[in-house]
Structures are given as structure tokens and as C-alpha cells.
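As they're listed, the protein sequences go chains A, B, C and D. When we follow my numbering, the leftmost residue of the first sequence carries the number 1, and every step to the right adds one. When we follow my numbering, the leftmost residue of the second sequence carries the number 1001, and every step to the right adds one. When we follow my numbering, the leftmost residue of the third sequence carries the number 2001, and every step to the right adds one. When we follow my numbering, the leftmost residue of the fourth sequence carries the number 3001, and every step to the right adds one.
In short, the hints are calculated from the structure, not lab data. Honestly, I wouldn't trust all of these hints.
[Said to hold, decoys possible] Calculated pairs, SDA-like style, for lysine to any residue (alpha carbon to alpha carbon, straight line, at most 25 Å):
no.	chain 1	residue 1	chain 2	residue 2
1	D	3012	B	1018
2	C	2053	C	2136
3	C	2138	A	82
4	A	98	C	2096
5	A	89	C	2090
6	A	7	C	2102
7	D	3070	C	2018
8	C	2053	A	33
9	C	2012	D	3080
10	C	2053	A	18
11	C	2012	D	3068
12	A	66	A	101
13	B	1066	D	3101
14	B	1089	D	3139
15	B	1017	D	3013
16	D	3053	B	1029
17	C	2116	C	2068
18	C	2012	D	3030
19	C	2053	A	29
20	A	69	C	2107
21	D	3116	B	1097
22	B	1089	D	3102
23	C	2070	D	3006
24	C	2053	D	3002
25	C	2053	C	2124
26	D	3053	C	2006
27	C	2132	D	3066
28	D	3070	C	2068
29	A	108	C	2102
30	B	1066	D	3107
31	D	3070	D	3021
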Amino acid sequence: MEIQTGKEKNTVVVSIKGKIDAVTAPELEKELSNLIAQGENFFLFNFSELEYISSAGLRSLLAAAKQVKPKGGNIVFSGLKGPVGDVFKISGFGTIFKIFETQEDALK
Amino acid sequence: MEIQTGKEKNTVVVSIKGKIDAVTAPELEKELSNLIAQGENFFLFNFSELEYISSAGLRSLLAAAKQVKPKGGNIVFSGLKGPVGDVFKISGFGTIFKIFETQEDALK
Amino acid sequence: MVIPATITLPAKLDSLYDFIDFVSSCAREQGFSNKRVSEIELALEEILVNIFKYAYKDCSFDGEIEITCKLACANSFVIEIVDSGMPFDILSVREPDITADIDERQIGGLGVFFVKQLMDDVQYRREEDRNKLTLVIKDLAIMPDIY
Amino acid sequence: MVIPATITLPAKLDSLYDFIDFVSSCAREQGFSNKRVSEIELALEEILVNIFKYAYKDCSFDGEIEITCKLACANSFVIEIVDSGMPFDILSVREPDITADIDERQIGGLGVFFVKQLMDDVQYRREEDRNKLTLVIKDLAIMPDIY
Ligand SMILES: Nc1ncnc2c1ncn2[C@@H]1O[C@H](COP(=O)(O)OP(=O)(O)O)[C@@H](O)[C@H]1O
Ligand SMILES: Nc1ncnc2c1ncn2[C@@H]1O[C@H](COP(=O)(O)OP(=O)(O)O)[C@@H](O)[C@H]1O
Chain A
1 MEIQTGKEKN
11 TVVVSIKGKI
21 DAVTAPELEK
31 ELSNLIAQGE
41 NFFLFNFSEL
51 EYISSAGLRS
61 LLAAAKQVKP
71 KGGNIVFSGL
81 KGPVGDVFKI
91 SGFGTIFKIF
101 ETQEDALK
Chain B
1001 MEIQTGKEKN
1011 TVVVSIKGKI
1021 DAVTAPELEK
1031 ELSNLIAQGE
1041 NFFLFNFSEL
1051 EYISSAGLRS
1061 LLAAAKQVKP
1071 KGGNIVFSGL
1081 KGPVGDVFKI
1091 SGFGTIFKIF
1101 ETQEDALK
Chain C
2001 MVIPATITLP
2011 AKLDSLYDFI
2021 DFVSSCAREQ
2031 GFSNKRVSEI
2041 ELALEEILVN
2051 IFKYAYKDCS
2061 FDGEIEITCK
2071 LACANSFVIE
2081 IVDSGMPFDI
2091 LSVREPDITA
2101 DIDERQIGGL
2111 GVFFVKQLMD
2121 DVQYRREEDR
2131 NKLTLVIKDL
2141 AIMPDIY
Chain D
3001 MVIPATITLP
3011 AKLDSLYDFI
3021 DFVSSCAREQ
3031 GFSNKRVSEI
3041 ELALEEILVN
3051 IFKYAYKDCS
3061 FDGEIEITCK
3071 LACANSFVIE
3081 IVDSGMPFDI
3091 LSVREPDITA
3101 DIDERQIGGL
3111 GVFFVKQLMD
3121 DVQYRREEDR
3131 NKLTLVIKDL
3141 AIMPDIY
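Given these sequences and hints, build the entire structure.
Here it is as C-alpha cells:
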């Protein structure tokens, strides 16, 4: 897993490459906790280069969403492909979160 | 395993790349039998790109040597490196066969 | 990997990728598509991580997990996962509410659900003090959709 | 590969590379040099090919071979090879005459000899109708000579 973060207006764009699984999810969770501790509340996850996500990854994402929500924040996603799109569908994450085709659509 | 053969005067130069093991030795044995059936009696094995040889490979080489010997033929080797050199040493093949540093030395 | 094939490794996160590589290699050899192999990997990760986390938690030693890949009748590919941890029947787990929104949504509870969704059949037996979970993936003979 | 690790595959030539990859991966993880790993691969090939050829030759079914890699005391890496074929004690095999010249030299008989030459220790036990061959490779702690 490779995490890249950048800022677009008030939104942190988090682009993740590779796999979010039980081995790598703790690293993502730490990164997100740090950003939230620094006051960030709006996140866009660009998953166009993400190949795989397991429930360990979804757990980290939901935990982050539960932290920013009460502070008026929000988490959205873009670029889900293949297996990652399937996991979002099966888990219901595809309906409880807002999903955009592309990063550009999401930032509009 | 990749076998390349060429002829230098009366000697067939057999260059072998990769591994001669229990899986690949039968192919070598077939190739050598064909050449011997065609009347070839002198062989130089260039092993400078051979990485590995097991007893299955030595078996094929000795079988070929036993076929050409009574017809006045001969089998020699060049370019043994690392593990292949060690196997020739341990097995005694390094003393019962003539071994040259390089293909050029062998063809002199 | 030629099958039937069995691998046994310590029940800890360090083994995860070795287990997954083993099973993927067996599944690919059977001609499954990349998509189906990825689903098999996901189901397997969920089961293994649960065994790492829960099965041996009352033990003071490192437990083991044994995985066998083999064929069964009716063109099925079968993955058997055996551990000696506490008795646990995956089929007894209640399904999560996947429609609850972010505030009410429980964290966790998706692993077992994924396994049941993605595998064609899941069987559990407690046998000689071991949990034996059997995953069945059907339609071996159907042409893979990606190659 | 994390160890202790065990793999079981059919006793046939198709399994050779899977067995070798498994053991090499365990050995590399312990930091052995390329040279030592290559020697381990050679000893392993010789033993496995013999089991493929001889151990199950009176059986009508495909036998199996189980290989375990683990650590033992005194910085040793241990490879256990178990089959259910005919009883065969590798230590009982006579050494070949490696000085005989081409005409007198017997074809074959080198496999077992290589194993004994290359491994630091070789042990055999017949146990519960199975052959259990143990290869010991010492000096785990010594710095590898190639990396
Ligand atoms: N191998 C196991 N041994 C004991 N309990 C288990 C095992 N696997 C799963 N469980 C139980 O089933 C529950 C549901 O598992 P799962 O769906 O993977 O969600 P999560 O692990 O996120 O809670 C776990 O919380 C745990 O209590
Ligand atoms: N697993 C085994 N079961 C029965 N006999 C064996 C086994 N391995 C080796 N042997 C016997 O030991 C002999 C020596 O084996 P080896 O040194 O590998 O030489 P080769 O296989 O070329 O004869 C074989 O010829 C065979 O008779």
C-alpha cells in the first residue's frame, strides 16, 4: 500500500495504491487519525489505483467517518474499480457513502 | 533449460543455459541420442550459462559418454561455474572428464 | 501449485501472505479468472485474520492453521481450513445490517458476511478438537472471464 | 516463508518445483547464502526424485510427500521429509566409486551420495508406517557469504 495525500480547498485528497488489507490497514488508520487530530474533516479517497480492500480496510474508513461526522465533516470516494467496487457494493458502503466516478467529479 | 548446438570442425558444441534437473534431463538425453545416432562422436559442453545440475543431468552425460567412447569419441566440458563446478567435483566427474576453462581453450 | 496440496503455518499475521499466495497459486492452476481469484483471496483473508485474532486468544502458544486445496465432485474447487482453536461455527454468525447509515453502522462484522457472499458453499465441522471450515468454489469447467 | 511451515503435495514429478520453491523460500528467510540454498535445492531434488521413482512403485495410487521446515537447537535449520512409501533407510546405501573411469563407472547412485555430502546431518526413522528423513543444515548464525 502507498498513501499519497494532498489538499484541494478544504478537502484532503487521499490517493491509495495497492492493497488495504489486515497487514496495511493499521498504517492507514494511523495516517487518518493524525490528519483528523490536525483538524481535517473533509476527505476524498481516490481509489483509482487501489486493487484490493478487505474488511480490515473498511473498518479503518468507517472509523474515520465516525470521527469526522459529529464535527460536520464528510468522507467521499472516487475511482472504485473491480474488486474494490464489488466490496463497496456487497458491504453497503456504496450506499452509505457518496461515490464519484472520478476525482474531478468529486471536487466539483 | 535451453540447449544450443553448433559444430566446430568434428566437434558438436552444446551450450546449455539454466538448469539440468530431473524435469529437463530427459530432453537433453533425447537431443544427445539423436546427435549420436546421426554419427556425432565428439562433444564439447559449454556450461558457462548453466546454473544448476543434479544427478539426473550427470546420468544423461555419462550415458552419452559411454555411447561415444567405444566408437573412439570423446566428451569434454568448459565453463563450469559455482554449483555446477561443485557437483562435478563431488561426483568425480571433474576427474574422469576433461574440463577446460573456456570454450576457446577446449577447441584449441 | 499442483493439487491436492496442503500447507501448515503459524496462526499469525506474518503468515497471511504465504497462505494467500499458496491458495491463489492453486486456484490459478485450475484456471479461475483474476476476478474469482481475488474473491477467493478476500474470503481467505477474512477467515485467516479471524483465526489469528480470535481462535487462539486463550492459548499461551502460537497456534497453527492447515489449509488444503483440492478438487471435489461436480467441478468444484475446495479449500479446507483447519485450526485447533476454540470451537467456532462461522455459520452461526448473524448478518450485519448493511443499510444502517454512518452513525448507527456497527464497526466490524463484515468478514464472515463477505465469506458467505463470495463463496458458493461454506461448511463447518468440529472434528477431533479442530475447526474444519470448507469453502467450495463451483464451475471450474466454465471458461474464465478474463484470460 | 515463515517457519515452522509444512507443505504436502502428490509424490510426482509435477510437484518438484513447488516443493523446491517452498523449501528455498523458507531457507532464504533464514538468511542462507545463494550457494547454500542451491545445495539445499540439490539435496532436496535428489531425495524427492527418489521418492517419486521408488517409494510408491508397488502402489496403485498417487502417494504424498510432506515437507516441514523448522528451526532446531544449536542454530540449525531442519527439513523433514515424510512419505508413506516402502521402508527405505537412506543411510544404508553404499557409496558409489567416484574414481572409476567412464567405462567402469556405474550410471546412477549419485543422488543419495550428494545428500550425505551436502547436508550437515542426515537422520532416518521409520515411524507409524512412514519414512521420516531429517536433513540438518547448521550455522544459521554465521553470516551468509554472498549477500
Ligand atoms: N475463528 C474464530 N474464532 C472465534 N470467534 C470468531 C472467529 N471468527 C469470527 N469470530 C467471531 O465472529 C465475529 C464476526 O466476525 P467478522 O464478521 O469477521 O467481524 P469482526 O472480526 O470485524 O468482528 C467476530 O467478532 C468474533 O466474535
Ligand atoms: N525413497 C526410496 N525408496 C526406495 N528405494 C530408494 C529410495 N531412494 C533411493 N532408493 C534406492 O537407493 C538407490 C540409490 O539412489 P541414488 O543414489 O539416488 O541413485 P539412483 O537413483 O541413480 O540409483 C536407488 O537406486 C534405489 O534403489
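Each hint, compared with the structure:
1. Annotation: proposed proximity of residue 3012 of chain D to residue 1018 of chain B holds, straight-line Cα distance about 22 Å (limit 25 Å).
2. Between residue 2053 of chain C and residue 2136 of chain C, the direct Cα distance comes to roughly 24 Å. Compliance with the 25 Å bound is thereby established for this hinted pair.
3. A C-alpha spacing of about 21 Å is found between residue 2138 of chain C and residue 82 of chain A, which places the hinted pair at or below 25 Å, so the restraint holds.
4. For a cut-off of 25 Å, the pair hint linking residue 98 of chain A to residue 2096 of chain C stands: about 20 Å separates their Cα positions.
5. Our distance criterion of 25 Å between C-alpha atoms is met by residue 89 of chain A and residue 2090 of chain C, whose separation comes to about 22 Å.
6. For a cut-off of 25 Å, the pair hint linking residue 7 of chain A to residue 2102 of chain C stands: about 24 Å separates their Cα positions.
7. For the given pair, residue 3070 of chain D sits about 15 Å from residue 2018 of chain C by alpha-carbon distance, which is consistent with the 25 Å threshold.
8. Distance check on the hinted pair: residue 2053 of chain C and residue 33 of chain A sit about 23 Å apart at the alpha-carbon level, within 25 Å; holds.
9. At roughly 22 Å between alpha-carbon atoms, residue 2012 of chain C and residue 3080 of chain D fall within 25 Å of each other, so this suggested pair holds.
10. Distance check on the hinted pair: residue 2053 of chain C and residue 18 of chain A sit about 24 Å apart at the alpha-carbon level, within 25 Å; holds.
11. Taking the CA atoms of residue 2012 of chain C and residue 3068 of chain D, the gap is near 18 Å; set against the 25 Å cutoff, the hint holds.
12. A C-alpha spacing of about 24 Å is found between residue 66 of chain A and residue 101 of chain A, which places the hinted pair at or below 25 Å, so the restraint holds.
13. A distance of roughly 10 Å separates the Cα atoms of residue 1066 of chain B and residue 3101 of chain D; the hinted pair therefore holds under the 25 Å criterion.
14. Distance check on the hinted pair: residue 1089 of chain B and residue 3139 of chain D sit about 23 Å apart at the alpha-carbon level, within 25 Å; holds.
15. A threshold of 25 Å between alpha carbons decides the hint, and for residue 1017 of chain B with residue 3013 of chain D the separation of about 21 Å falls inside it, so the pair holds.
16. A C-alpha spacing of about 18 Å is found between residue 3053 of chain D and residue 1029 of chain B, which places the hinted pair at or below 25 Å, so the restraint holds.
17. About 19 Å separates the Cα atoms of residue 2116 of chain C and residue 2068 of chain C, which keeps this hinted pair within 25 Å; it holds.
18. Only pairs whose Cα atoms come within 25 Å are accepted, and residue 2012 of chain C paired with residue 3030 of chain D is accepted, the gap being roughly 18 Å.
19. About 18 Å separates the Cα atoms of residue 2053 of chain C and residue 29 of chain A, which keeps this hinted pair within 25 Å; it holds.
20. Between residue 69 of chain A and residue 2107 of chain C the CA atoms are separated by roughly 15 Å; this keeps the pair inside 25 Å, and the hint holds.
21. Restraint check for residue 3116 of chain D and residue 1097 of chain B: satisfied, since their Cα atoms lie roughly 23 Å apart, inside the 25 Å limit.
22. At roughly 15 Å between alpha-carbon atoms, residue 1089 of chain B and residue 3102 of chain D fall within 25 Å of each other, so this suggested pair holds.
23. Taking the CA atoms of residue 2070 of chain C and residue 3006 of chain D, the gap is about 16 Å. The hint holds against a cut of 25 Å.
24. Restraint check for residue 2053 of chain C and residue 3002 of chain D: the C-alpha separation of about 18 Å stays at or below 25 Å, so the hint holds.
25. For the given pair, residue 2053 of chain C sits about 19 Å from residue 2124 of chain C by alpha-carbon distance, which is consistent with the 25 Å threshold.
26. Under the criterion of a C-alpha separation no larger than 25 Å, the hint pairing residue 3053 of chain D with residue 2006 of chain C is consistent with the structure, at around 22 Å.
27. Of the pairs offered as hints, the one joining residue 2132 of chain C and residue 3066 of chain D holds, with about 20 Å between alpha carbons and a cut-off of 25 Å not exceeded.
28. Distance hint between residue 3070 of chain D and residue 2068 of chain C is fulfilled; the C-alpha atoms sit about 20 Å from each other, no more than 25 Å.
29. Between residue 108 of chain A and residue 2102 of chain C the alpha-carbon distance is near 23 Å, which keeps this suggested pair within the 25 Å criterion.
30. For the hint pairing residue 1066 of chain B with residue 3107 of chain D, the CA-to-CA distance comes to about 9 Å; that is within 25 Å, so the pair holds.
31. The suggested pairing of residue 3070 of chain D with residue 3021 of chain D holds, with an alpha-carbon distance near 15 Å, which does not exceed 25 Å.
In the structure shown, no violation is registered for any of the earlier numbered hints.
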